[in-house]
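As they're listed, the protein sequences go chains A and B.
Numbering follows the numbering used here, with no gaps: position 37 of the first sequence is 37.
Numbering follows the numbering used here, with no gaps: position 82 of the second sequence is 82.
Hint data in this document are derived by calculation from the structure and do not stem from the laboratory.
In this text the structure is predicted, and so the values were computed from the model without any measurement.
With a straight-line Cα cutoff of 20 Å, these simulated SDA-like cross-link-like pairs (lysine to any residue) come out:
1. B/42 / A/8
2. B/68 / B/57
3. A/103 / B/46
4. B/68 / A/102
5. A/103 / B/59
6. B/68 / B/3
7. B/42 / A/22
8. B/105 / B/26
9. B/42 / A/42
10. A/68 / A/57
11. A/103 / B/53
12. A/68 / A/26
13. A/103 / B/60
14. B/42 / A/39
15. B/1 / B/105
16. B/105 / B/46
17. A/24 / A/67
18. A/103 / B/55
19. B/1 / A/61
20. B/1 / A/57
21. A/78 / A/53
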Amino acid sequence: DAGVIQSPRHEVTEMGQEVTLRCKPISGHDYLFWYRQTMMRGLELLIYFNNNVPIDDSGMPEDRFSAKMPNASFSTLKIQPSEPRDSAVYFCASSSLRGSNEKLFFGSGTQLSVL
Amino acid sequence: KQEVTQIPAALSVPEGENLVLNCSFTDSAIYNLQWFRQDPGKGLTSLLLIQSSQREQTSGRLNASLDKSSGRSTLYIAASQPGDSATYLCAVHSGGGADGLTFGKGTHLIIQP
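With these hints in hand, go ahead and build the complete structure from the sequences.
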């Protein structure tokens, strides 16, 4: 398996523009997570899905953020409109949570810069 | 609310030394604890996972210990190599739900050749 695949790797946009981040989880994993990483706050969970259904979106900072998972192999995180404070690295991770020995597998992340 | 702290924030040691990274957490009611490695510009790679009923896990030159009652975990790296240079993050799973994973901010490790 190629692992968790995220695109794009880097995104530079201007304030007010819409940004869409994409993620393909590992095949067979039924949990998908979106995290945001900044120097100040570290890694923060934004939202996670189980079997394509959003379970907890309490980490989504504002209504400007939305996430979808239309099928088991694809998810998007959208920011509209984007703001400079959204600049961060956004990670997607997937897991097969069976038993207590689950591990999270992370993608390489999307480095977002909002000017 | 679970809080995870990693000390030190940064560490630089000569090649060949044994070293210990520390992780502490405030709520001892955990499900498991994981240590991750993050290389610059890359995602996180899971190194070791310790279940709440376990005391330690070993993988090659890495050994992770868990003392739930005191809210502490350590990652021991033996005979350090320049390739071990990375940021190491500790993450605690505080419940049966997937949303219970809380990360520390990591220790940035540099191994000097």
